[in-house]
Amino acid sequence: MRPNLQLDEQGRLRHFLSIQGLDRQMLNLILDTAESFAGVSNRTVKKVPLLRGKVIANLFFENSTRTRTTFELAAKRLSADVLNLNISTSATSKGETLLDTLRNLEAMQVDMFVVRHGESGAAHFIAEHCAPHVSVINAGDGWHAHPTQAMLDMFTIRRHKPDFGRLRIAIVGDLRHSRVARSQIVALNTLGAAEVRVIAPRTLMPNDMRSLGVHPFHDLEAGIRDADVVIMLRLQKERMEGAFLPSEQEYYRLFGLTEERLDLLHPEAIVMHPGPINRGVEMDSEVADGPRSVILEQVTYGIAVRMAVMSLCMQQTPGAES
Amino acid sequence: MNSISILNGRLIDPAAERDEIIDLHLAAGRILAIGQPPAGFVAEQVIDARERVVCPGLVDLSAHLREPGLEVKANIASETAAAAAAGITSLCCAPDTDPVIDSPAVVELIRRRAKQSGKAMVLPIGAITQGLRGDALSEMAALHEAGCVALSNGLRPFKNTQVERRALEYAVTFGLVVFVRPEDRHLRGNGCVHEGPVATRLGLPGIPAAAETVAVARDIALAEHTGARLHFHGISTATAVRKIRRAQHDGLPITADCAVHQLHLTEQDVDGYNSDCHLIPPLRTLQDREALRQALAEGVISALCSDHQPHEEDAKQAPFPSTEPGISGLETLLPLSLKLVRDGLLSLPEAIARLTLGPAQVVDIPAGRLSLGNSADICIFDPEADWVLDREQMHSAGHNTPFHGWHLPGRVCYTLFEGRVVYQS
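Read top to bottom, the protein sequences are chains A and B. Read the first sequence against our numbering and you will find it ends at 322, with the numbers running on by one and no gaps. Read the second sequence against our numbering and you will find it ends at 747, with the numbers running on by one and no gaps.
It cannot be assumed that every hint is accurate.
What the hints assert, rightly or not - DMTMM-like cross-link-like pairs, simulated, lysine to aspartate or glutamate; straight-line CA separation at most 25 Å:
#1 Lys638(B) <-> Glu106(A)
#2 Lys638(B) <-> Glu62(A)
#3 Lys638(B) <-> Asp100(A)
Said to hold, decoys possible - Stretch-level coverage of chain B by chain A, calculated; a stretch enters the list once three of its residues show a Cβ under 8 Å from a Cβ in chain A:
#4 372-378
#5 577-586
#6 633-643
Claimed, not checked - Covered stretches of chain A (chain B as the covering partner; in silico rule of three or more C-beta atoms under 8 Å from a C-beta of chain B):
#7 32-41
#8 103-112
#9 141-153
#10 205-215
Note that these hints are calculated values from the structure, not bench results. Note that the Cβ used here is the ideal one computed from N, Cα and C, for glycine as well.
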């Protein structure tokens with residue numbers, strides 16, 4: 001990816017497509033901005049007027065209620081008008097190209113596209129071809145990136161453990177297909193995490209995982225030992241059978257996070273999951289709902305982080321709030 | 323018919339091991355004399371080829387001309403004109419047209435259209451199975467009689483190995499070479515780039531090198547079993563090179579080509595989701611590229627081809643996995659080959675051999691050499707010219723090239739086909 005596509009000539013955020021190409025200062029700016037929005041949800045009037053008059057279109061070529069809802073809520077809390085377009089069942093199924101769809105939406109004077117697409121590089125493609133005044137936020141593209149999810153995870157980690165330089169983080173599960181993990185890995189390395197481990201059976205981990213700057217493990221217990229943060233990835237059930245894994249049961253037996261296995265972690269460790277959880281496959285309910293779990297915090301912080309990214313892309317920082 | 327003298331050029335004809343400054347005289351579409359003209363010969367046209375290279379017209383083993391059926395991308399007239407501008411006078415066209423080249427009628431249509439445009443010899447490669455469906459054998463004898471110079475299942479797989487075996491056995495009956503694009507379709511899956519660090523970082527489904535090498539190993543085993551003359555088209559991996567080198571050493575009648583762009587690009591060029599670098603086979607690693615270069619220098623790879631796949635603009639305007647693979651390659655075939663000479667990999671005569679005699683021998687045609695009495699198919703180029711490729715200036719209907727903006731060596735000055743000037747810069 002061209003390193004400057006996401007940044008304008010002054011080095012400010014213009015699109016948010018990937019963590020790749022952003023420096024630590026920018027990631028910290030996003031986290032700090034999110035911090036300033038974190039209190040908005042607790043106010044009586046849960047809105048700030050930063051994006052009043054702006055139109056944000058959620059272009060979801062892939063279904064996702066949870067992500068779309070948090071983006072919608074974030075946009076509304078910034079006082080923007082929101083269009084929700086489920087493209088997978090409309091324009092493109094009638095033969096319209098992605099560029100045609102884009103041009104039509106631009107003609108409706110949309111200011112920002114939040115894009116989810118099943119193919120890697122889709123948000124990047126849209127950013128390359130959209131009108132100069134439009135910003136693009138990647139809400140998940142193929143196996144490539146889900147940068148706002150990664151940033152809300154970073155926000156959650158920072159709230160509990162502010163010094164990334166001391167952290168050992170273990171990411172467990174379907175790393176081959178996970179856009180969340182790819183973005184988390186880049187974010188953690190950019191923020192200077194001491195050690196990022198990835199843990200999965202060989203079928204769910206690319207050969208070249210080390211090239212991303214991580215330490216691969218195929219043994220869960222060895223991989224999570226003394227970890228400060230464990231991020232469990234969602235295992236897509238449609239990939240459970242057949243050639244990737246023999247069964248859910250075997251996966252759970254070898255890679256499921258149980259209460260017993262929590263004893264291997266650092267005593268202060270937290271457990272995360274981007275959701276939705278397959279209980280009894282990726283982790284026990286006791287773990288998901290237990291004291292180490294910060295899974296629901298992740299959901300809450302997702303709104304503040306998305307507000308931060310949206311306002312930064314539109315060059316509207318909280319200081320400009322009237 | 324014109325009579326033409328080409329004077330003072332550096333005539334390079336690898337078939338005759340000739341590399342000298344000497345004149346060439348043409349009449350009635352054929353090569354009449356090399357050196358002194360026959361007594362009484364009067365040239366109607368004289369071409370001054372001083373400081374130019376005069377060589378046989380280039381032979382390209384793989385060009386997708388898109389006609390019939392995909393004229394939205396290109397047609398025979400547009401692409402043979404592009405070939406002429408690139409110094410190419412013979413091109414083999416792949417069978418994956420619509421309808422596919424599996425009947426004499428389609429062969430006849432292609433030959434007629436090529437003759438109408440009159441810019442280059444188009445040599446159809448016939449489908450080895452009906453409709454390229456990979457299950458039933460095509461009428462290979464009829465295709466051969468109609469003018470097909472080789473057989474292939476294009477980019478599509480055989481239904482199973484037994485069908486491939488039978489297809490090869492049947493082809494042996496007619497002594498026809500069979501082109502294979504080695505790929506295990508199951509290992510390729512929905513991959514769109516080389517399975518390696520770039521694919522991992524960009525989150526793109528990868529095609530492992532093993533998808534090619536598994537198929538090469540299988541095809542060599544079948545060639546050994548059936549005695550078929552096999553030509554591996556478009557190889558991309560170091561392991562495939564090793565296996566092919568070994569098979570040739572063992573005496574099997576196996577040849578190989580690679581697309582010239584594979585010798586200049588790697589998986590790194592895909593970065594930024596560059597859809598102009600969406601290719602099948604995909605761009606591989608630096609080590610693979612070096613192995614291909616080495617194999618070319620050794621002659622294990624005896625032919626360079628363009629693997630020309632022109633596309634309309636929309637075909638490359640989508641998220642990377644949805645774009646159509648392929649490069650519009652005719653016009654970079656010679657310059658990228660000459661770049662290998664500049665890189666010190668090949669001598670100039672060796673590079674010309676890989677573009678003329680080598681491919682002509684694969685399909686067993688008399689082109690690619692400057693023999694007396696042969697069709698006067700000639701390329702005259704300036705080896706010292708340096709120029710910058712501008713995709714908008716390309717003659718092909720497809721402007722899809724990753725080499726836009728590259729400084730390239732060598733510029734075609736004249737192309738003669740059947741003794742006529744069909745291109746002049």
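Exercise. Could you check the structure against the hints above and give me the numbers of any it violates, in ascending order?
Key: 4, 5, 7, 8
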